[in-house]
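Chain A is already provided as a structure; the job is to place chains B, C and D on it using the hints.
There are 4 protein chains.
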Amino acid sequence: MSTNEDRLVQSDDPEHPANLIPSLCAKFWTLGWVTGTGGGASIRDDDHVYIAPSGVQKELMKAEDLYVLSLPETLKRHNGEGPIRPSSRVYVRSPSRFKPSQCTPLFLSAFTRRGARCCIHTHSPHAVLVTLILEQAGESEFRINNIEQIKGFARGYPHAEVGNLGYHDTLRIPVIENTAHEEDLTEFLEEAMDKYPDAYAVLVRRHGVYVWGNSVEQAKGQCESLDYLFQIAVEMRKLAIPWESDIKPTVPKNSLKGQ
Amino acid sequence: MSTNEDRLVQSDDPEHPANLIPSLCAKFWTLGWVTGTGGGASIRDDDHVYIAPSGVQKELMKAEDLYVLSLPETLKRHNGEGPIRPSSRVYVRSPSRFKPSQCTPLFLSAFTRRGARCCIHTHSPHAVLVTLILEQAGESEFRINNIEQIKGFARGYPHAEVGNLGYHDTLRIPVIENTAHEEDLTEFLEEAMDKYPDAYAVLVRRHGVYVWGNSVEQAKGQCESLDYLFQIAVEMRKLAIPWESDIKPTVPKNSLKGQ
Amino acid sequence: MSTNEDRLVQSDDPEHPANLIPSLCAKFWTLGWVTGTGGGASIRDDDHVYIAPSGVQKELMKAEDLYVLSLPETLKRHNGEGPIRPSSRVYVRSPSRFKPSQCTPLFLSAFTRRGARCCIHTHSPHAVLVTLILEQAGESEFRINNIEQIKGFARGYPHAEVGNLGYHDTLRIPVIENTAHEEDLTEFLEEAMDKYPDAYAVLVRRHGVYVWGNSVEQAKGQCESLDYLFQIAVEMRKLAIPWESDIKPTVPKNSLKGQ
Amino acid sequence: MSTNEDRLVQSDDPEHPANLIPSLCAKFWTLGWVTGTGGGASIRDDDHVYIAPSGVQKELMKAEDLYVLSLPETLKRHNGEGPIRPSSRVYVRSPSRFKPSQCTPLFLSAFTRRGARCCIHTHSPHAVLVTLILEQAGESEFRINNIEQIKGFARGYPHAEVGNLGYHDTLRIPVIENTAHEEDLTEFLEEAMDKYPDAYAVLVRRHGVYVWGNSVEQAKGQCESLDYLFQIAVEMRKLAIPWESDIKPTVPKNSLKGQ
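Those sequence lines, one after another, are chains A, B, C and D. Read the first sequence against my numbering and you will find it ends at 265, with the numbers running on by one and no gaps. Read the second sequence against my numbering and you will find it ends at 265, with the numbers running on by one and no gaps. Read the third sequence against my numbering and you will find it ends at 265, with the numbers running on by one and no gaps. Read the fourth sequence against my numbering and you will find it ends at 265, with the numbers running on by one and no gaps.
Just chain A, with the same shape it has in the complex (with noise of 0.2 Å):
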């Protein structure tokens, strides 16, 4: 018979946050972004949030390796200002096999603000490399313009309701230094969502990106958008082409936009 824990993660329905992870995961591991048990993905359904946990494989990973941790009470525990200590957190289910992510209170900073439903750790290689680029450039930056998929992402988190970037809009994302414990990065991903009130996203420099969005879709979506363009950055600077370009816009006589 299931405990109240099981129950948590027991859902027919692929749609359920307990078996959207382990499918997304599975995905993301055929993209080298999870590799050798690295990154993660968290959903926030109401008041839990579920997490994969610490050193699983990410392709083999079921339902029922996730952590559930309760969003209210673990708020009321913290009662304070700064990143979520671990020992604040109230998890709800807790599989005896693993430990927690090291990435949970980077998962909780997205959650709690940006009101984000889900977010997504990857060590993709081309956002590592991007990085490094931007290193010897000494910058802590990520710009690029012009290229079409910059309209998978949403202008502003603030507010989502003006819609996506536009063609010739700059992306812009912040870059921070990576720590030697990866829950300390928590405190610097929140001085990035404070200077950057409009990202969804923050590269850790020689380690990898944290997506987010207000949906699981637009989290996927924006985080496939951006390794695309991690990709395609990484061969532009091979081919000695820059990331930024002015590029007048190109107009039709009769713009069928809006008709």
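I should point out that these hints are in silico values taken from the structure, not numbers from a laboratory. Any given hint might turn out to be false.
Where chains are identical, the list cannot tell them apart; a pair therefore holds if satisfied intra-copy or between any two copies.
In the DSS-like style, the derived pairs of lysine-lysine whose C-alpha atoms are separated by at most 27 Å in a straight line are [what the hints assert, rightly or not]:
no.: 1; residue 1: Lys201; residue 2: Lys263
no.: 2; residue 1: Lys68; residue 2: Lys33
no.: 3; residue 1: Lys259; residue 2: Lys82
no.: 4; residue 1: Lys259; residue 2: Lys201
no.: 5; residue 1: Lys82; residue 2: Lys263
no.: 6; residue 1: Lys105; residue 2: Lys33
What follows is chains B, C and D alone, placed relative to chain A:
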């Protein structure tokens, strides 16, 4: 009970357009062509045009997600010159979850101006990189010759019966500049179609490619062949090998051709 | 009721040539070897030669799409020197939907001149790039040594019993120039076979590669090993590492070999 | 009726070594690690050592294709110093279709000298390219630091309890020279194990890599993490970014670590 609208996309036949579009798009997703909900595909089946909606995860798309447009009724309303305006489009099926694809007028151009049966739009990184390499050289035409895969293209749309391009022929694909609004590409796509009456594809700078065909198989085959050529072209560039070359035909003493 | 022709390709055995060719080609499609209906494969089973047709989507091919040719009857009609002319070929099964593959005479050369059981033709981008790199150097032979995967090749066709190449051996693959008509490659392929009696593969400039073997497993294994070497060779070129090197053998104090 | 030998590889449990080796190898094939029958894997289950045979297509391997060796009986016969000679090996299961893997003595070294439970051997192109880049620099050690994925490695074999490497630690993987006969690598592998008591992996120049672990999961995870690092290292080389760097730790005002 299914409505009439639903019946348009319900079939057990895997070759039915409503089943083909999702299976094609799932395949294209694995190739990196339609990542982050980018790209799309459309099939014309007599009077009906089936179109993947905007913003759908292409590898998860279902038949029920598709729009279906009546081509004769749309043309009746259009009743004029230039791209078909959104207000002229007559949908016989509109899934409530989604919005119509911005690619719709471009797909319609392929169907009405070229009599195509299928049109595919990808954001393939290889295609985008080729347009960037050409941009650096100030060019608006991709040209490649003396690569076997060129034979994967029909010789020219108006005279499909003349067969495919030969090994020594030069494949020419026009590049149009990207516009802020995807539907505004239509005017330029049609101009390129007029200027290149033979072309089965148009590259869009910093965006991707549109490829069509007289059948789903031809459109898909040409799209695959083109992406293969773009991939090789990018690698050739890295290896400083020119895309065009002047190669003297090699002829055997006794040709088997036509025997 | 199935006809005699159909029975040739109907079997529940996954190792039957009519089932193996589609499963191999579906796998090759995922590797990018037979994209856009390019490439192909053929298996000889005693007197019958099974051949993928022209213009088929290789990942979707079915047993019923295959041609079957009678080798003894074809040779009886041929009754002469040089490549087997199309008019000499005797098909015992011809699917009406398709046309015979242009690769047919090349596959037959592998079967008749080398006693091969299986011949694979790919348009692998790695193979094409290697021929382009060699062309720039004015060379018509691919040579590589001191890479472990070279051991994946049999030492020489006439003396298969002597085993595979060693680590320090140099693998030599001739490159023939491409012809406008694929079947016209046959004469040059046979010349290369004569000149390189040991070779199990021939590269075709700007086109791809033909690889054969005494069994399906050997042909597939050698094709995979060769593509791996081509892939590494292209990367070595980008890193300015030569394909051939003079390396002194490393020998342990007490060899385990043969003990 | 199955023989005793067959029963050793018959189990419904997907975690049984006889099922795990084929499923792992099929996965590795899709990653390009065991192409062309190259590479292999072995699992120790108490007294039994399960080994993929020589010359098998790794993605098609079945449980029934596996060799099973008795470790205690083999060690009894060995009764001496240095690598375990082929004549000392006691097989409790020998499939007649195949020959024992040349990797056998190397796998046994990992099991006897390191107490490993699983050892994986790949011909990964990334691994080979890294050994070639190091060769050009006259080096026999791969060193990389300040990349998050380094945390995917245990700190050292003798003291597994001390946990994994940290972000700022330098991962060091020895490179041994390749030998004409794979089994002759054993002496050099064991030398490298002695010289690098912490290492969980040894690179073989122009050949590939051996990776092991205290469990199947650890061996697989470390193999994936290592290949990821090799892949990034090759790209870093192309972008002229050094593999080692001197980075000052970033520390937050209030570390969450250990709270």
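Non-conforming hints, listed in increasing numerical order: none
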